[in-house]
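A.B. asks: Between the sequences and the hints, there should be enough to build the whole structure, so can you do that?
In order, the protein sequences belong to chains X and D. Following this note's numbering, the numbering of the first sequence begins with 12 at its first residue and continues without gaps. Following this note's numbering, the numbering of the second sequence begins with 12 at its first residue and continues without gaps.
Please keep in mind that the hints were generated in silico from the structure rather than gathered at the bench. Incorrect hints may have been included.
Stated by the list, open to error - To be clear about the criterion: a stretch of chain D counts as covered by chain X if any three or more of its residues have a C-beta under 8 Å from a C-beta of chain X, and this derived list gives those stretches:
| no. | stretch |
| --- | --- |
| 1 | 18 to 25 |
| 2 | 83 to 94 |
Unchecked claim - What follows is a list of derived Cβ distance ranges for each label pair:
| no. | chain 1 | residue 1 | chain 2 | residue 2 | range |
| --- | --- | --- | --- | --- | --- |
| 3 | X | ARG147 | D | ASP110 | 41 to 47 Å |
| 4 | X | PRO267 | D | GLY172 | 49 to 55 Å |
| 5 | X | ASP254 | D | ALA292 | 51 to 57 Å |
| 6 | X | ALA222 | D | LYS15 | 31 to 37 Å |
| 7 | D | ALA292 | X | ASP260 | 53 to 59 Å |
Please read all numbers here as calculations on a predicted model, not as lab measurements. The beta-carbon is built from N, C-alpha and C at its ideal position, and this holds for glycine as well.
Protein chains: 2
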Amino acid sequence: MDRKLNLVRFVSVERMMRIVGKRGVARVLTDLAACIEADFRRWEQFDKTARVASHSHDGVIELMPTSDGRHYAFKYVNGHPGNTRDGRQTVTAFGVLSDVATGYPLLFSEMTILTALRTAATSAMAARHLAPRGARTMALIGNGAQSEFQALAFKAVLGVGNLRLYDIDPEASARCARNLAGFGFDIAICGSAEAAVLGAQIVTTATADKANATILTDNMVGAGVHINAVGGDCPGKTELHADVLRRSDIFVEYPPQTRIEGEIQQLAPDHPVTELWRVVAGQAEGRRDGRQITLFDSVGFAIEDFSALRWLADEAARTGEYDELDLLADPDEPRDLFGMLLRAGAGPAAAHQRPREVCETR
Amino acid sequence: MDRKLNLVRFVSVERMMRIVGKRGVARVLTDLAACIEADFRRWEQFDKTARVASHSHDGVIELMPTSDGRHYAFKYVNGHPGNTRDGRQTVTAFGVLSDVATGYPLLFSEMTILTALRTAATSAMAARHLAPRGARTMALIGNGAQSEFQALAFKAVLGVGNLRLYDIDPEASARCARNLAGFGFDIAICGSAEAAVLGAQIVTTATADKANATILTDNMVGAGVHINAVGGDCPGKTELHADVLRRSDIFVEYPPQTRIEGEIQQLAPDHPVTELWRVVAGQAEGRRDGRQITLFDSVGFAIEDFSALRWLADEAARTGEYDELDLLADPDEPRDLFGMLLRAGAGPAAAHQRPREVCETR
Numbered sequence: 012m013d014r015k016l017n018l019v020r021f022v023s024v025e026r027m028m029r030i031v032g033k034r035g036v037a038r039v040l041t042d043l044a045a046c047i048e049a050d051f052r053r054w055e056q057f058d059k060t061a062r063v064a065s066h067s068h069d070g071v072i073e074l075m076p077t078s079d080g081r082h083y084a085f086k087y088v089n090g091h092p093g094n095t096r097d098g099r100q101t102v103t104a105f106g107v108l109s110d111v112a113t114g115y116p117l118l119f120s121e122m123t124i125l126t127a128l129r130t131a132a133t134s135a136m137a138a139r140h141l142a143p144r145g146a147r148t149m150a151l152i153g154n155g156a157q158s159e160f161q162a163l164a165f166k167a168v169l170g171v172g173n174l175r176l177y178d179i180d181p182e183a184s185a186r187c188a189r190n191l192a193g194f195g196f197d198i199a200i201c202g203s204a205e206a207a208v209l210g211a212q213i214v215t216t217a218t219a220d221k222a223n224a225t226i227l228t229d230n231m232v233g234a235g236v237h238i239n240a241v242g243g244d245c246p247g248k249t250e251l252h253a254d255v256l257r258r259s260d261i262f263v264e265y266p267p268q269t270r271i272e273g274e275i276q277q278l279a280p281d282h283p284v285t286e287l288w289r290v291v292a293g294q295a296e297g298r299r300d301g302r303q304i305t306l307f308d309s310v311g312f313a314i315e316d317f318s319a320l321r322w323l324a325d326e327a328a329r330t331g332e333y334d335e336l337d338l339l340a341d342p343d344e345p346r347d348l349f350g351m352l353l354r355a356g357a358g359p360a361a362a363h364q365r366p367r368e369v370c371e372t373r
Numbered sequence: 012m013d014r015k016l017n018l019v020r021f022v023s024v025e026r027m028m029r030i031v032g033k034r035g036v037a038r039v040l041t042d043l044a045a046c047i048e049a050d051f052r053r054w055e056q057f058d059k060t061a062r063v064a065s066h067s068h069d070g071v072i073e074l075m076p077t078s079d080g081r082h083y084a085f086k087y088v089n090g091h092p093g094n095t096r097d098g099r100q101t102v103t104a105f106g107v108l109s110d111v112a113t114g115y116p117l118l119f120s121e122m123t124i125l126t127a128l129r130t131a132a133t134s135a136m137a138a139r140h141l142a143p144r145g146a147r148t149m150a151l152i153g154n155g156a157q158s159e160f161q162a163l164a165f166k167a168v169l170g171v172g173n174l175r176l177y178d179i180d181p182e183a184s185a186r187c188a189r190n191l192a193g194f195g196f197d198i199a200i201c202g203s204a205e206a207a208v209l210g211a212q213i214v215t216t217a218t219a220d221k222a223n224a225t226i227l228t229d230n231m232v233g234a235g236v237h238i239n240a241v242g243g244d245c246p247g248k249t250e251l252h253a254d255v256l257r258r259s260d261i262f263v264e265y266p267p268q269t270r271i272e273g274e275i276q277q278l279a280p281d282h283p284v285t286e287l288w289r290v291v292a293g294q295a296e297g298r299r300d301g302r303q304i305t306l307f308d309s310v311g312f313a314i315e316d317f318s319a320l321r322w323l324a325d326e327a328a329r330t331g332e333y334d335e336l337d338l339l340a341d342p343d344e345p346r347d348l349f350g351m352l353l354r355a356g357a358g359p360a361a362a363h364q365r366p367r368e369v370c371e372t373r
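C.D. replies: Following this line, the structure appears as structure tokens:
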């Protein structure tokens with residue numbers, strides 16, 4: 012077993028934090044935006060499917076697979092808004108990158124942090140194609156777990172240095188501002204969403220309530236603004252008034268998924284939208300003029316996780332920041348799986364314990 | 012972080028072998044058959060979906076999720092027949108059991124060995140409802156990685172003590188017989204599939220070629236036999252002649268999946284089949300008489316993996332045979348994911364490395 016076919020690289024939360032720390036969070040966000048953009052440019056090479064969701068009373072568990080024919084990736088992600096009540100995360104995630112030729116996993120990783128990073132990187136990449144040129148001020152409405160990542164991605168990728176924060180919980184805005192101290196922002200904490208959007212060329216909404224909320228009403232959105240709508244990402248969870256949508260040119264990741272999960276769930280199923288990858292690939296127009304309202308209706312798509320896992324696999328290899336898990340059975344002779352068990356002591360002489368009730372409490 | 016919300020239990024291949032060794036493989040198979048049967052009895056409580064497959068030139072990667080509303084489970088499994096050429100397994104698998112209320116994973120485990128065990132346990136459980144009473148002799152055609160597990164499950168669950176082995180590769184039969192020595196079987200190695208079925212009340216086919224093969228022709232199947240067809244499990248991969256199917260009463264796991272992947276892909280899409288869970292739950296008849304030919308068209312379904320992971324979670328807890336993975340980000344304050352990164356050293360002062368081309372070789 013000198014090839015160690017049984018071992019799969021594993022990036023823990025601790026290792027992920029070290030990888031981000033070594034490279035610097037701003038550069039990680041720039042890296043990820045570049046990787047995601049490169050994969051959006053070759054969108055047609057990917058197997059695509061809407062994520063596979065298992066809904067329950069308290070939340071949802073989703074699997075998000077995709078493949079480009081060389082690599083396969085999937086992410087497991089949950090969304091449970093009530094989790095913060097007992098100290099858990101609303102969203103946690105982990106994922107796997109595999110080799111399509113053998114089906115063998117190459118990397119298993121935490122993805123709670125990685126998802127926060129790739130979501131922000133995707134938003135900034137989209138804004139580079141859609142926001143008005145020279146935009147320097149962003150309103151950031153909803154200052155929870157995603158907010159600092161959004162701010163840093165827009166600064167790293169677009170040079171957005173002025174932030175106008177608003178959250179219904181003032182402590183959330185204060186923490187966001189505190190966490191961003193030292194990164195070179197000019198930060199204003201605002202008393203209302205209306206105040207936050209004043210003078211902003213970019214408006215990012217990233218609230219977490221699982222409800223049809225109205226964070227942005229029609230009168231709050233002036234000509235030329237780019238809206239980066241991050242928080243409306245499952246059925247029954249939206250942030251924008253439908254009138255805002257009707258005035259906007261709408262850009263989405265994967266329409267079959269966004270029609271169900273995004274802001275556009277409020278619109279007719281045939282309301283015109285543009286697939287973001289077409290803009291990236293030069294097949295469709297992004298921003299046309301300075302008065303147009305553009306909207307990136309972001310829900311998160313599997314290809315972004317694929318890009319992030321590809322990036323991480325390289326980065327883990329480069330830094331050595333990974334462990335190895337004994338995940339794959341690797342008998343000396345491939346067809347002799349049972350022989351491996353036997354030699355490990357599961358033979359006929361293995362201890363037969365006294366019968367015991369199993370499954371009784373199921 | 013005294014609750015250690017970041018840690019998820021992990022059962023490695025080594026741990027799995029120890030768990031099987033401690034309990035004894037025969038008892039593990041009996042346990043699993045009981046757990047799977049209990050879950051088939053409450054089939055209607057499960058969220059069910061056909062597995063999500065990503066096909067490529069060399070094989071397939073599949074995700075198999077299900078949930079009973081309290082627990083959620085999914086398995087990742089590949090099928091790459093060419094893998095054995097360079098020492099890899101045709102099929103490898105791993106999986107996760109989660110808590111539906113929080114979406115948090117409870118257990119991450121190897122499932123290559125566990126899949127081999129649960130497949131055999133499911134076959135034996137089905138045969139207990141379908142095979143002729145008092146069956147003591149099984150033909151086992153295809154003596155690869157699944158064969159010993161099938162033999163041991165049928166012995167443990169039904170008392171089948173006489174085996175008639177056949178494989179196109181005589182060395183495979185010899186190894187199977189060698190591995191089963193000491194488990195109390197009476198074993199005959201046969202020179203043809205025709206010879207193997209002589210006098211057998213149960214015929215198990217578990218060949219691995221990805222093709223429409225004809226392992227069993229019509230004249231080989233006598234009245235009263237139970238056929239346990241394990242190897243026909245993906246589109247374009249079958250083992251039985253269609254005439255055999257037409258003479259059989261056919262029992263399947265989940266029809267939307269079996270119609271595509273099982274032996275019945277050869278039949279009209281409305282050919283009558285019985286869902287095995289209905290037999291288990293007493294809602295449908297299994298074997299009616301001694302002349303009937305019964306066929307379990309097994310392709311493997313997510314609920315069997317769910318049952319196996321539930322069993323394993325208990326067994327790992329009981330024996331202490333697990334490790335713990337730092338898989339879930341667990342900030343002191345749930346909404347402060349970025350703060351956790353900051354405190355780990357990813358702040359503005361983190362080392363900014365020289366720019367480096369990323370994604371250039373994608």
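A.B. asks: D/ALA292 and X/ASP260, beta-carbon distance inside 53 to 59 Å?
C.D. replies: 54 Å, holds
A.B. asks: For the pair X/ALA222 and D/LYS15, does the Cβ-Cβ distance stay inside 31 to 37 Å?
C.D. replies: Holds, since X/ALA222 and D/LYS15 (Cβ atoms, about 32 Å apart) stay within the stated range.
A.B. asks: Does the Cβ pair X/ASP254, D/ALA292 satisfy 51 to 57 Å?
C.D. replies: 52 Å, holds
A.B. asks: Per the hint of 49 to 55 Å, is the separation of the Cβ atoms of X/PRO267 and D/GLY172 within bounds?
C.D. replies: Distance hint for X/PRO267, D/GLY172 holds at roughly 54 Å.
A.B. asks: Take the stretch 83 to 94 of chain D, compare each residue's beta carbon with every beta carbon of chain X, and decide whether three or more fall closer than 8 Å.
C.D. replies: holds (count 7)
A.B. asks: Okay, X/ARG147 versus D/ASP110 on CB: inside 41 to 47 Å?
C.D. replies: The hint (41 to 47 Å, Cβ to Cβ) holds, given that X/ARG147 and D/ASP110 are roughly 45 Å apart.
A.B. asks: Count the residues of the stretch 18 to 25 of chain D whose CB lies closer than 8 Å to any CB of chain X, then report whether that count reaches three.
C.D. replies: holds (count 4)
Checked against the numbered hints above, the structure breaks none of them.
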